[in-house]
Amino acid sequence: MTHYGNIFRTFRLDRQMKLSQVAGDGLSVSQLSRFEREESDLSVTKFFDALEKINVTPDEFMGRVNHYERAEQIKLMSQLARAHYRKDIKRLEQMVVDEENKVLADQENKVARLNAILFRGMICDLNPSRQMRQEDLDQVSDHLFCTENWTIFELILIGNLFKFYETSYMYRLVDEVLQRKELYQDIATHRNLIEATLLNVIEICIDRGDLTAAKHYHDKLMPLLDNERNAYHRILQLYFKGLLAYASGDKTGEQQMRQVVQIFDWIGATYHQETYQEHLKRQLEKYSHIYK
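Numbered according to this note's numbering, the sequence shown terminates at residue 320, and the numbering increases by one at each position without gaps.
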């Protein structure tokens, strides 16, 4: 009953009830107190009896639990983004340990198990010498294709881990996301994740030499960038469009990539300017044989 004790206590205090008013009939004050401090669990029967005494329905209680867990997950994803941006591998490793400890405390805590895999993926992304475990990737796959109603959590898993799968399975994951239009069409946060995922897919397709697939996903991306809502993604789209052209033998793509690097410089986006300047240098070296 992860977090249940603390949430139960909040409900009890909201109703201005003492522990002694809830305890009784096989549930002592000390048992209830330990439960609220999350030092021990209650049996299902005792838990529902306690809910009834504070006049809270199971649906109402679980609604609060789900809200709490979503808030915790959003906070965790924010910490992940900061650590990845700063290339703070030590922080990411500690986040893995924290999630694994949650799993040790509650073997049914599937979210913590998946979080640990996600964080390990971020470490591998920052340090290519580290390899993702196949068993971790299999767990994520099982979760994705056994979960009917995807949420932002599933989009985050796919968006950050798809690159570790072999190419055909990577396409399968991304295509599955694109088919679930109801998940992202009218939700800005979700749509932002889909745009970022497609940009990453385009880059990886080019890197793996599948220019046909890169063009396919570029075509899928364009309808999502139908306004100026996300200028950053529109700028990146121009960069990867240039890269796709350059990798396909069209030297004008180089100029387009250079223009994007210049845009980042003009707007003072130093990190992005340096990142894509270095990326451009690597791409020119990689495809130099085409233009000899």
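Worth flagging that the hints you see were computed from the coordinates, not collected in a lab. In this text, all values refer to a predicted model and were calculated from it rather than measured experimentally. Some hints could be false.
[Stated by the list, open to error] Here are the in silico distance ranges between beta carbons for each label pair:
| hint | residue 1 | residue 2 | range |
| --- | --- | --- | --- |
| 1 | SER196 | GLN122 | 15 to 25 angstroms |
| 2 | GLN107 | HIS244 | 48 to 58 angstroms |
| 3 | ALA109 | SER48 | 44 to 54 angstroms |
| 4 | THR175 | ILE102 | 39 to 49 angstroms |
| 5 | ARG236 | SER71 | 23 to 33 angstroms |
| 6 | GLU176 | MET45 | 18 to 28 angstroms |
| 7 | ASP247 | MET45 | 56 to 66 angstroms |
| 8 | ILE102 | VAL57 | 53 to 63 angstroms |
| 9 | LYS309 | ASP42 | 31 to 41 angstroms |
| 10 | GLN213 | SER169 | 19 to 29 angstroms |
| 11 | GLN213 | ARG114 | 13 to 23 angstroms |
| 12 | HIS244 | ASP77 | 28 to 38 angstroms |
| 13 | GLU194 | LEU266 | 26 to 36 angstroms |
[Claimed, not checked] With a Cα cut of at most 35 angstroms, we get these calculated DSBU-like pairs of lysine-lysine:
| hint | residue 1 | residue 2 |
| --- | --- | --- |
| 14 | LYS191 | LYS209 |
| 15 | LYS279 | LYS118 |
| 16 | LYS269 | LYS209 |
| 17 | LYS115 | LYS46 |
| 18 | LYS81 | LYS130 |
| 19 | LYS74 | LYS115 |
| 20 | LYS103 | LYS320 |
| 21 | LYS118 | LYS320 |
| 22 | LYS130 | LYS243 |
| 23 | LYS46 | LYS81 |
| 24 | LYS320 | LYS243 |
| 25 | LYS81 | LYS118 |
| 26 | LYS81 | LYS191 |
| 27 | LYS320 | LYS309 |
| 28 | LYS103 | LYS118 |
| 29 | LYS309 | LYS269 |
| 30 | LYS81 | LYS115 |
| 31 | LYS191 | LYS138 |
| 32 | LYS74 | LYS191 |
| 33 | LYS138 | LYS115 |
| 34 | LYS130 | LYS74 |
| 35 | LYS138 | LYS118 |
| 36 | LYS243 | LYS81 |
| 37 | LYS248 | LYS209 |
| 38 | LYS309 | LYS248 |
| 39 | LYS46 | LYS118 |
Every residue gets a Cβ at the ideal spot worked out from N, C-alpha and C, and that includes glycine.
Status of each hint after checking the structure:
{"no.": "1", "hint": "SER196 to GLN122: 15 to 25 angstroms", "in the structure": "violated, 35 angstroms"}
{"no.": "2", "hint": "GLN107 to HIS244: 48 to 58 angstroms", "in the structure": "violated, 35 angstroms"}
{"no.": "3", "hint": "ALA109 to SER48: 44 to 54 angstroms", "in the structure": "holds, 45 angstroms"}
{"no.": "4", "hint": "THR175 to ILE102: 39 to 49 angstroms", "in the structure": "violated, 19 angstroms"}
{"no.": "5", "hint": "ARG236 to SER71: 23 to 33 angstroms", "in the structure": "violated, 53 angstroms"}
{"no.": "6", "hint": "GLU176 to MET45: 18 to 28 angstroms", "in the structure": "violated, 39 angstroms"}
{"no.": "7", "hint": "ASP247 to MET45: 56 to 66 angstroms", "in the structure": "holds, 60 angstroms"}
{"no.": "8", "hint": "ILE102 to VAL57: 53 to 63 angstroms", "in the structure": "violated, 35 angstroms"}
{"no.": "9", "hint": "LYS309 to ASP42: 31 to 41 angstroms", "in the structure": "violated, 59 angstroms"}
{"no.": "10", "hint": "GLN213 to SER169: 19 to 29 angstroms", "in the structure": "holds, 25 angstroms"}
{"no.": "11", "hint": "GLN213 to ARG114: 13 to 23 angstroms", "in the structure": "violated, 33 angstroms"}
{"no.": "12", "hint": "HIS244 to ASP77: 28 to 38 angstroms", "in the structure": "violated, 58 angstroms"}
{"no.": "13", "hint": "GLU194 to LEU266: 26 to 36 angstroms", "in the structure": "holds, 29 angstroms"}
{"no.": "14", "hint": "LYS191 to LYS209", "in the structure": "holds, 22 angstroms"}
{"no.": "15", "hint": "LYS279 to LYS118", "in the structure": "violated, 41 angstroms"}
{"no.": "16", "hint": "LYS269 to LYS209", "in the structure": "holds, 24 angstroms"}
{"no.": "17", "hint": "LYS115 to LYS46", "in the structure": "violated, 48 angstroms"}
{"no.": "18", "hint": "LYS81 to LYS130", "in the structure": "holds, 30 angstroms"}
{"no.": "19", "hint": "LYS74 to LYS115", "in the structure": "violated, 47 angstroms"}
{"no.": "20", "hint": "LYS103 to LYS320", "in the structure": "violated, 51 angstroms"}
{"no.": "21", "hint": "LYS118 to LYS320", "in the structure": "violated, 44 angstroms"}
{"no.": "22", "hint": "LYS130 to LYS243", "in the structure": "violated, 42 angstroms"}
{"no.": "23", "hint": "LYS46 to LYS81", "in the structure": "holds, 11 angstroms"}
{"no.": "24", "hint": "LYS320 to LYS243", "in the structure": "holds, 25 angstroms"}
{"no.": "25", "hint": "LYS81 to LYS118", "in the structure": "violated, 46 angstroms"}
{"no.": "26", "hint": "LYS81 to LYS191", "in the structure": "violated, 51 angstroms"}
{"no.": "27", "hint": "LYS320 to LYS309", "in the structure": "holds, 16 angstroms"}
{"no.": "28", "hint": "LYS103 to LYS118", "in the structure": "holds, 18 angstroms"}
{"no.": "29", "hint": "LYS309 to LYS269", "in the structure": "holds, 16 angstroms"}
{"no.": "30", "hint": "LYS81 to LYS115", "in the structure": "violated, 50 angstroms"}
{"no.": "31", "hint": "LYS191 to LYS138", "in the structure": "holds, 22 angstroms"}
{"no.": "32", "hint": "LYS74 to LYS191", "in the structure": "violated, 47 angstroms"}
{"no.": "33", "hint": "LYS138 to LYS115", "in the structure": "holds, 26 angstroms"}
{"no.": "34", "hint": "LYS130 to LYS74", "in the structure": "holds, 24 angstroms"}
{"no.": "35", "hint": "LYS138 to LYS118", "in the structure": "holds, 24 angstroms"}
{"no.": "36", "hint": "LYS243 to LYS81", "in the structure": "violated, 61 angstroms"}
{"no.": "37", "hint": "LYS248 to LYS209", "in the structure": "holds, 12 angstroms"}
{"no.": "38", "hint": "LYS309 to LYS248", "in the structure": "holds, 27 angstroms"}
{"no.": "39", "hint": "LYS46 to LYS118", "in the structure": "violated, 44 angstroms"}
Of the numbered hints listed earlier, those contradicted by the structure are 1, 2, 4, 5, 6, 8, 9, 11, 12, 15, 17, 19, 20, 21, 22, 25, 26, 30, 32, 36 and 39.
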